[in-house]
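There are 4 protein chains.
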Amino acid sequence: MMVMKNKEYVFKLTIKVRDYECDLQGVVNNSNYQRYMEHTRHEYLESLGENFGDMHKKGIDAFVSRVDIHYKSSLRSGDSFVSCLNLLKEGAKLVFYQDIYRLSDGVLAARGRVETVVVENGRLTRGEYFDDLLTRTMKKDL
Amino acid sequence: MMVMKNKEYVFKLTIKVRDYECDLQGVVNNSNYQRYMEHTRHEYLESLGENFGDMHKKGIDAFVSRVDIHYKSSLRSGDSFVSCLNLLKEGAKLVFYQDIYRLSDGVLAARGRVETVVVENGRLTRGEYFDDLLTRTMKKDL
Amino acid sequence: MMVMKNKEYVFKLTIKVRDYECDLQGVVNNSNYQRYMEHTRHEYLESLGENFGDMHKKGIDAFVSRVDIHYKSSLRSGDSFVSCLNLLKEGAKLVFYQDIYRLSDGVLAARGRVETVVVENGRLTRGEYFDDLLTRTMKKDL
Amino acid sequence: MMVMKNKEYVFKLTIKVRDYECDLQGVVNNSNYQRYMEHTRHEYLESLGENFGDMHKKGIDAFVSRVDIHYKSSLRSGDSFVSCLNLLKEGAKLVFYQDIYRLSDGVLAARGRVETVVVENGRLTRGEYFDDLLTRTMKKDL
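Residue numbers (this note's numbering), protein chains in the order written: chain A, 1 to 142; chain B, 1 to 142; chain C, 1 to 142; chain D, 1 to 142.
Excised from the complex, chain A in its bound form (with noise of 0.2 Å):
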């Protein structure tokens, strides 16, 4: 099994397992994983001083254009996980690289790659806004 090591990233973030979030399987159902990594996006977002809802109000708005992850382990209750981010500009496009690891021992519960595009005012965008803000603290590579 893949186990956090080594690997470095640009923001991480410990949330524990809230029940509700289990399945009648007894695992975190998987769209809770897509929710989990934006909350991290997010809260990335807060650690270079921008809010999601204040951009919304300011007529700026980064829109999902595509999700792909990777189901590699469940998380259950009582579970407490890292989840890790690192993003890349690729084109227009701000892409995220997130990993989620149950803390307990380390090992990759999911792995996902998140594409984003900025929409100002109505309007798509090569995503100048975010240049600035990002390449702060931007990997130029993985």
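Hints were generated in silico from the structure; no laboratory data involved.
For chains that are exact copies, the list does not tell them apart, and a pair is met inside one copy or across any two.
Below, a list of computed lysine to aspartate or glutamate pairs in the DMTMM-like style, where the Cα atoms sit at most 20 Å apart:
| id | residue 1 | residue 2 |
| --- | --- | --- |
| 1 | 57 | 79 |
| 2 | 16 | 43 |
| 3 | 89 | 50 |
| 4 | 16 | 54 |
Using the hints, position chains B, C and D against chain A.
Just chains B, C and D now, kept in the frame of chain A:
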């Protein structure tokens, strides 16, 4: 057990449980009954020609000020249910009386009382906006 | 406005709003306060050495029989809040008194009263399972 | 824009957006498309006489191993949509190809590819359980 019969409602909606709404106990998580009730109120509004999202864009928001739900019998994977609604104007508040019955046997699953207030452009109103809309169908008493 | 002060609680948990919990009105959807309160009760259980998922596997389930929530002030994107809990045994029921305060200014966001019953192997009990567990910390009165 | 026409599916389900599924951007939150797709797969199973909850009780669980969703056009409050499904056996995996079209104009809202594996009593299988069930309707190619 309380069974659906004779009681009249101004609006009914049949819904099927979605499996992701069930939690690790194998039954629909309590919070989802509140969501079913919200969806029923909004569909009731649509039946009157009004849309909740459009209202928000016009600066008119209905907010829930209190919700009181009695849970009677658990819904499970595979269940369908009928979500029923009556409403009364009580002072400045619009109060919804909402019952959810399992479709297969008519058993009462949950009973809610939901108080709402109407805010126009940030200002609390006495609900005048709905008076005309709702008196078309509002029951005078239950 | 009601502000958090002086009042004592047996358990407190600080949580940050996740943006997907906000709805098209730009505030946390009402149903999510019920989820915050559930998570707080389960974390309280964990603080006593018990896990909700493990209980279920042992055939012991706590079910909510009634939830009564007053919504006082909306939480928004970027807000953190303190979710506070007291509890009382009332007959066979374990009743939780749960207050949620916005962290930035201590304003009361929501106040809930949640009744629960304990079922062992499908049989309704008088909550004996929790009596020993909870009397360690239960307040005799509020 | 891609519009629904000519393409054949083995299963279709019409669903209406619920307002609590919309986030502060005023559109359906991305994670909910994954939930719509799950619900569609489970309803497809029910159309074949199988229930996901009952399967779990028998020790048979289908788990998602990968989900890849392209977001094309946002759904909003008031929208209905048609959630369409095809599937293929690819090695030991059952792969679902799922398209979601807005009902009003047939525009493609989201397109997903969802890989699933079947676990029986904790043991990974080659999906034999579904072979008989699904070959009744499975398309040989898309």
